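J.: This is what each chain is made of:
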Amino acid sequence: DQQVKQNSPSLSVQEGRISILNCDYTNSMFDYFLWYKKYPAEGPTFLISISSIKDKNEDGRFTVFLNKSAKHLSLHIVPSQPGDSAVYFCAASPGVQGAQKLVFGQGTRLTINP
Amino acid sequence: EAQVTQNPRYLITVTGKKLTVTCSQNMNHEYMSWYRQDPGLGLRQIYYSMNVEVTDKGDVPEGYKVSRKEKRNFPLILESPSPNQTSLYFCASSLTQAMKDGYTFGSGTRLTVV
Chain H
-10 DQQVKQNSPS
0 LSVQEGRISI
10 LNCDYTNSMF
20 DYFLWYKKYP
30 AEGPTFLISI
40 SSIKDKNEDG
50 RFTVFLNKSA
60 KHLSLHIVPS
70 QPGDSAVYFC
80 AASPGVQGAQ
90 KLVFGQGTRL
100 TINP
Chain R
624 EAQVTQNPRY
634 LITVTGKKLT
644 VTCSQNMNHE
654 YMSWYRQDPG
664 LGLRQIYYSM
674 NVEVTDKGDV
684 PEGYKVSRKE
694 KRNFPLILES
704 PSPNQTSLYF
714 CASSLTQAMK
724 DGYTFGSGTR
734 LTVV
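Those protein sequence lines, which keep their order, are chains H and R.
Counting along the first sequence from 1, when you hit position 106 you're at 95 in our numbering, and nothing is skipped either side.
Offset between the second sequence (1-based) and our numbering: plus 623.
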């Protein structure tokens, strides 16, 4: 059973516009949510995280929003740049007791068009 | 440079021939983990370790073994590889138990079992 789901396998956005990547989860005990970015032939790199007690976290062009009642989080990239083209994974941590069991979604391939 | 190093990067082997994928980190991290990435499934955790001699199963541990005899090393062992273990493998490490900054990932090992 997939506890973290990214329902859009791919997304295409024009350079300069906003990219919005979505993620849904089922386990209400998750206490941290993270976004990773992955280029081909490289490992995933950490992008941004949000605690379950917050609803927004911002870091430069990247903002993550958390809607706990809907069990939904999203990553906004503004403005989108060609270097943002990559696969994005959302992930969730089950809390202190099982924090190391980071659970990932299936990934969304983002393509930024010039 | 702070990093997680996996070897080899690419490996083709035959069914049943034991193999080991090595993983080493130079950041003095307590926590380490192994993931496999498969199309449409995202990253799934195989095993993780909270400290030397302390390991636990992730979501897909069947067919794999790990050991943590030293803090820096966390090898993944396939005693009798099968074709369904053909995948892209990532080792990762984390300084803290809380997942605020997530894992740091290695560059990956692409394994093909024929």
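Hints in this document: simulated from the structure, not taken from any laboratory.
The structure presented is a predicted model; accordingly, all values stated were derived computationally and were not measured.
Be aware that a few hints might be false.
Unchecked claim - Lysine to any residue pairs mimicking SDA-like chemistry, simulated, CA-CA at most 20 Å apart:
1. H:43 with R:724
2. R:723 with R:673
3. H:90 with R:653
4. H:90 with R:667
5. H:90 with R:686
6. R:723 with H:-4
7. R:723 with H:63
J.: Now look at each hint and say whether the structure bears it out.
T.: Hints, one by one, checked against the model:
| no. | hint | verdict |
| --- | --- | --- |
| 1 | H:43 with R:724 | holds, 16 Å |
| 2 | R:723 with R:673 | holds, 16 Å |
| 3 | H:90 with R:653 | holds, 14 Å |
| 4 | H:90 with R:667 | holds, 10 Å |
| 5 | H:90 with R:686 | holds, 19 Å |
| 6 | R:723 with H:-4 | violated, 24 Å |
| 7 | R:723 with H:63 | holds, 17 Å |
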